[in-house]
Amino acid sequence: MTTSGPARPASAAASPTFRVRPYTLTGGRTRTEVELGLETQIRTTEQGMRRAGMLALELRDIVEICRQPLSVAEVSAHLHVPLQVAKVLVGDLITSGDVASQAVVETQQSGRPDIQLLERVLEGLQSL
Amino acid sequence: MSTPIPVKIVVAGGFAVGKTTFVTSISDIEPLTTEAAMTKVSEEVDHLGDATSKKGTTVAMDFGRVALSPELVLYVFGTPGQDRFHFMWDELVRGAIGAVVLVDTNRLDDCFPAVDYMEHTNVPFIVAINAFDGILRHHPDDVREALDVPHHVPIVVTDARNRAAVRDSMVSLVRHAMTVAATAAVG
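Protein chains in written order, with our numbering: chain A, 268 to 395; chain B, 445 to 631.
This is chain A alone, in the form it adopts within the complex (with noise of 0.2 Å):
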């Protein structure tokens, strides 16, 4: 076990915000033109920071946990929100640069992770 998952933030989960109909939080929208994989780490930037207090409720949620990064999957379980207002909400903290997103770039033309990768990988799990 590690300690490096957040704590994670009670005023997300119990928060009454989202007992509101989810893609009311998104305007209706269901996608984003931000390309966001499952997996994909987010991570609040300096910028996010100083606003969070400016931010709606629902983004100042994000900007809370992924303080220390989180997937976008972890960002949907721990708001309670399907995945894609999830990638909604992410991608617009992406283009307002309120956080910033990290993913795979070393990768075979099949988009897969590539040797060297797998290689340190391979190495991870041995020594788990």
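Treat the hints with care, as some may be off.
As the list claims (entries may be wrong) - If you anchor each label on the Cβ, the simulated ranges turn out as follows:
| id | chain 1 | residue 1 | chain 2 | residue 2 | range |
| --- | --- | --- | --- | --- | --- |
| 1 | B | R538 | A | Q335 | 19 to 27 Å |
| 2 | A | S377 | B | T447 | 18 to 26 Å |
| 3 | A | R334 | B | A460 | 42 to 50 Å |
What the hints assert, rightly or not - Computed, partial: chain B to chain A, Cβ under 8 Å:
| id | residue |
| --- | --- |
| 4 | A481 |
| 5 | R538 |
| 6 | A540 |
| 7 | A626 |
Stated by the list, open to error - Where chain A lies over chain B, by a calculated footprint (3+ residues, C-beta under 8 Å):
| id | region |
| --- | --- |
| 8 | 450-456 |
| 9 | 472-478 |
| 10 | 502-510 |
| 11 | 606-617 |
Hints in this document: simulated from the structure, not taken from any laboratory. Positions of the beta carbon are idealized from the N, C-alpha and C atoms, including for glycine.
Once you've looked at the hints, dock chain B against the given chain A.
Relative to the frame of chain A, chain B by itself:
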């Protein structure tokens, strides 16, 4: 601290074969659940007379995370069990290292859809026989024949409740993915 590079492994297989147990055994955190709304097309297929439901169908996916190093984080996603949720699989396997298809030899045909899917979409995969209580009821060669998987696809024995066994099956998958990658680079 820099942002780690994320990698992903998918655990597929039939309903109740032990996918969530598999994820739980290896994950650093309590497995989380994310929900996705069904696409319109699949929703229509799924709509068997339940006209009163305006909510739309959602599909839940369990996943865990494993810190492999400070710079590398592995996510392990379980596929939704039922066939009608295959629409989610494209997103699950996109960019993934590959898939572990978990098999219960008492219900071998439950994993056919997963094997078919991985073969047709060229996702590197291995077959992992979940030997409950450590008892292997069928020889891996018999399983290979029954599933009709090519000889280059590894078949391993695992125990979804055992962290070391789960790790070993993922090691097999990563080695296989490296072989596939090396072959692709040459050919």
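Checked hints:
1. B:R538 with A:Q335: 19 to 27 Å: This hint holds: roughly 25 Å between Cβ atoms.
2. A:S377 with B:T447: 18 to 26 Å: At 24 Å between Cβs, range holds.
3. A:R334 with B:A460: 42 to 50 Å: For A460 of chain B against R334 of chain A, whose Cβ atoms are near 38 Å apart, the range 42 to 50 Å is violated.
4. A481: At about 5 Å, which falls below the 8 Å cut-off, the nearest Cβ of chain A leaves the hint on A481 of chain B intact, so it holds.
5. R538: holds, 6 Å
6. A540: holds, 7 Å
7. A626: OK, holds: A626 of chain B within 8 Å of chain A, min 6 Å.
8. 450-456: holds (count 3)
9. 472-478: Coverage by chain A holds for the region 472-478 of chain B (5 residues, Cβ < 8 Å).
10. 502-510: holds (count 5)
11. 606-617: That given contact holds, which follows from 4 residues of the region 606-617 of chain B lying within Cβ reach (below 8 Å) of chain A.
The structure fails hint 3 only (numbered hints given earlier).
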